[in-house]
Amino acid sequence: MFEVYKKELKELLRDKKTLLFVVALPVIVFPILFAVMAFLTSQAALQAEQKVHTYAIINGEFAPDFTDTIFYHKSFKLFERGNAFKTIEELKLAIKRGEIDMGIYIPKNTEKALDNYETTTWQVVFNDAKSINFLYQRIQKLVQDYSDNLQKNKLIQLGLQLKQQQAILNPIIVKKVDTSDKRENLGEKLGGFLPYLLVPLVLMGATYPAIDLGAGEKERGTLETLLLTPITRTQLVLGKFLTLLTTSIASTLITVSSMGAWIALALSFTDLDIIASAFSRLVLLDLILIFILLLPLAAIFSAIALAISIYARSFKEAQNYMAPLSIVVFFPVMISLMPNMELTSKTAFIPITNVSLAIKEIVKGTVDFTYIGYIFIATVITAGLLLLFCVRWFTKEHVLFR
Amino acid sequence: MITVSGLQKKFKRTKDHKKDHAHIIDPREDSQYFHSVRNVSFSCKKGEVLGLIGPNGAGKTTTLRMLSTALTPDAGSIYINQTNIVQKPVYGRKSIGFLSGSTGLYGRLTVKENIAYFAKLHGMSKQNIINRCDELFSLLDMHSFVDKRADSLSTGMKQKANIARAVVHSPDVVVLDEPTTGLDIMTTQTVISFILSLKEQGIPVIFSTHHLDEIAQLCDSVTVINKGISCFSDSVDEFKKQGKSEHLNKAFLTILSEHNHV
Numbered sequence: 000m001f002e003v004y005k006k007e008l009k010e011l012l013r014d015k016k017t018l019l020f021v022v023a024l025p026v027i028v029f030p031i032l033f034a035v036m037a038f039l040t041s042q043a044a045l046q047a048e049q050k051v052h053t054y055a056i057i058n059g060e061f062a063p064d065f066t067d068t069i070f071y072h073k074s075f076k077l078f079e080r081g082n083a084f085k086t087i088e089e090l091k092l093a094i095k096r097g098e099i100d101m102g103i104y105i106p107k108n109t110e111k112a113l114d115n116y117e118t119t120t121w122q123v124v125f126n127d128a129k130s131i132n133f134l135y136q137r138i139q140k141l142v143q144d145y146s147d148n149l150q151k152n153k154l155i156q157l158g159l160q161l162k163q164q165q166a167i168l169n170p171i172i173v174k175k176v177d178t179s180d181k182r183e184n185l186g187e188k189l190g191g192f193l194p195y196l197l198v199p200l201v202l203m204g205a206t207y208p209a210i211d212l213g214a215g216e217k218e219r220g221t222l223e224t225l226l227l228t229p230i231t232r233t234q235l236v237l238g239k240f241l242t243l244l245t246t247s248i249a250s251t252l253i254t255v256s257s258m259g260a261w262i263a264l265a266l267s268f269t270d271l272d273i274i275a276s277a278f279s280r281l282v283l284l285d286l287i288l289i290f291i292l293l294l295p296l297a298a299i300f301s302a303i304a305l306a307i308s309i310y311a312r313s314f315k316e317a318q319n320y321m322a323p324l325s326i327v328v329f330f331p332v333m334i335s336l337m338p339n340m341e342l343t344s345k346t347a348f349i350p351i352t353n354v355s356l357a358i359k360e361i362v363k364g365t366v367d368f369t370y371i372g373y374i375f376i377a378t379v380i381t382a383g384l385l386l387l388f389c390v391r392w393f394t395k396e397h398v399l400f401r
Numbered sequence: 000m001i002t003v004s005g006l007q008k009k010f011k012r013t014k015d016h017k018k019d020h021a022h023i024i025d026p027r028e029d030s031q032y033f034h035s036v037r038n039v040s041f042s043c044k045k046g047e048v049l050g051l052i053g054p055n056g057a058g059k060t061t062t063l064r065m066l067s068t069a070l071t072p073d074a075g076s077i078y079i080n081q082t083n084i085v086q087k088p089v090y091g092r093k094s095i096g097f098l099s100g101s102t103g104l105y106g107r108l109t110v111k112e113n114i115a116y117f118a119k120l121h122g123m124s125k126q127n128i129i130n131r132c133d134e135l136f137s138l139l140d141m142h143s144f145v146d147k148r149a150d151s152l153s154t155g156m157k158q159k160a161n162i163a164r165a166v167v168h169s170p171d172v173v174v175l176d177e178p179t180t181g182l183d184i185m186t187t188q189t190v191i192s193f194i195l196s197l198k199e200q201g202i203p204v205i206f207s208t209h210h211l212d213e214i215a216q217l218c219d220s221v222t223v224i225n226k227g228i229s230c231f232s233d234s235v236d237e238f239k240k241q242g243k244s245e246h247l248n249k250a251f252l253t254i255l256s257e258h259n260h261v
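Going down the list, the protein sequences come from chains L and X.
Take the first sequence: its position 264, counted from the start at 1, is 263 in numbering that gives the first Met the number 0, and no numbers get skipped.
Take the second sequence: its position 105, counted from the start at 1, is 104 in numbering that gives the first Met the number 0, and no numbers get skipped.
It is worth saying that the hints were derived from the structure and are not from the lab.
A virtual CB, placed ideally from N, CA and C, is assigned to each residue, including glycine.
Do not rely on the hints blindly, as some may be mistaken.
[Stated by the list, open to error] Computed cross-link-like contacts, BS3-like style, restricted to lysine-lysine with a CA-CA straight-line distance of at most 25 Å:
| hint | chain 1 | residue 1 | chain 2 | residue 2 |
| --- | --- | --- | --- | --- |
| 1 | L | K5 | X | K226 |
| 2 | X | K9 | L | K5 |
| 3 | L | K85 | L | K162 |
| 4 | L | K395 | X | K87 |
| 5 | L | K111 | L | K95 |
[Claimed, not checked] Not everything, but these chain X residues come out facing chain L in the computed CB check (under 7 Å):
| hint | residue |
| --- | --- |
| 6 | Y78 |
| 7 | V85 |
| 8 | Q86 |
| 9 | S101 |
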């Protein structure tokens, strides 16, 4: 068994493609991609932040204070023919033509309406399809300030002092007393993200080498030779299985270490206290626990990938079978992130979902160790059954000689 | 010595094949199975070379795969030194050296590593592996490329490496499935010389081929397989007599023709 294991590892380490997937991608390519993405996103946000929006206003004279405020606001610029529009349709057309970014329609009765205790509706016309757009936020704030001011003045006219106004407008103030500590709060967010990263990594670390170890053997014509040696099919499968388990875990560890190193590097250059505090709260025991949970998961993926690969007639066929496997694996991870999904005695027995939920709980620092035990046992049993299936699969002539 | 008697092997028909059921003309097919090997028997004594011939799809490769224990027969027996390897396949794997035309090597390992790997799987000790490899490398003139990676070898070099891999564990019987197919003249000659050297060592060799000149050059006996049945199994001299000619082609065609009319 160990001869098979040693040989498979030696061969994989000499395979440039495997090294690319297992080492180069996580260590160099992924971080570069993430950095480029972060840079582009921040640039886009900066541009959106600095953008000055051209606007036109209809009936601005009925809200002169507001018209003045927006006119002097640094993020807005009045369209040179600002009085050219009379209807909302004209504003829409101007936005389509790219003449203005925003149009505001103010009803003629704005200030008088308040005297009659009526509300008025203003309309803000703009294109909301852009992903990063501060326009609506800005105009909403301006309108809100103006509205608050109108309200305050009216209430003073009615004889209510500021203190009384506050009491009437906000008779009850709700103060949040959060029992969750910082870790639990951050863990909820980070813990949800980690399974999305770790589970596919564990899978990817097993699938690519598996194709070479099963279908690759068939395509090269070495499988038959291997079957004619005196080692048992169990030894053969175990040798290959251990190789996949190793690559799966190794690729996950390499990726996580690489990301850790890159994050540490990024933190040394920038001041990202939230991320630093989130990561500093993970203690060694948490990392060991996550690793322990990922081990049987890697075993499950290794057994499935090996069974699929040995069934395939060729490298290409195996790749076709492996693709849907990623979707199948993502599904239980997604379930674990659904609202109100918690680690219970029932969810602890749902494969993949259980590990995903447990990782979240570990990061939050609220994990129940009994459930960790359940999950470990359930995952080990599943992995064992799949491994048994794999051994049986290796004895089937219709699988080996399709 | 290896004795094969009454071998049978059938394969379940795939859905695609079943669709064509109406057009079945091969007597080996029925609605459920394809009877690839129906009744094959022959024997090969110590120091003998047996040639297995037959048309494409006759069942030669399936027969050889059963000999190599890759496939399990549905019926029949294969005795090597009084042991039925159908019942004791591990004994068969230790006793047989098998090589087929489609056999490959691990491209990212060197020739030496490839051969040593299989030797280790056969349970050979480190010193035994070194000695045996050295012996085979000299016999097959391989010293110049044993440290090269297999994926950088020429077809001829690969075939030599494959032969060395197949016999590294000093098997009692050697089974070769079309060992010279696709090889150039020089490499074919190497394979032929190797078969002759095995014969000199007293090792029974069974090989399938489409080249009747190889039968004439190497074999002591011939088995003809047609439609999954061994329709002739005797010495080369008896084989020649069937065609009433020195040309083996004629004998082969006569045997097939007679069997097809039975």
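Here is how each hint holds up against the structure:
For the proposed pair K5 (chain L) and K226 (chain X), the alpha carbon gap of about 44 Å is over 25 Å, so the pair is violated. A hinted pair counts as satisfied when its Cα atoms are at most 25 Å apart, and K9 (chain X) with K5 (chain L) does not qualify at roughly 37 Å. Restraint check for K85 (chain L) and K162 (chain L): the C-alpha separation of about 42 Å exceeds 25 Å, so the hint is violated. For a cut-off of 25 Å, the pair hint linking K395 (chain L) to K87 (chain X) stands: about 18 Å separates their Cα positions.
Taken as a hint, the K111 (chain L) and K95 (chain L) pair is broken in the structure, with Cα atoms around 33 Å apart against an allowance of 25 Å. With its C-beta approaching chain L no nearer than about 18 Å, Y78 (chain X) sits outside the 7 Å limit, and its interface hint is violated. The restraint placing V85 (chain X) at the interface with chain L is violated, with a minimum CB-CB distance near 14 Å, outside the 7 Å limit. The interface hint given for Q86 (chain X) is violated, since its Cβ lies 15 Å from the closest Cβ of chain L, which is over the 7 Å cut-off.
The beta carbon of S101 (chain X) is positioned within 7 Å of a beta carbon in chain L (closest approach about 5 Å), and the interface hint is therefore held.
Of the hints listed earlier, those the structure fails to meet are numbers 1, 2, 3, 5, 6, 7 and 8, in rising order.
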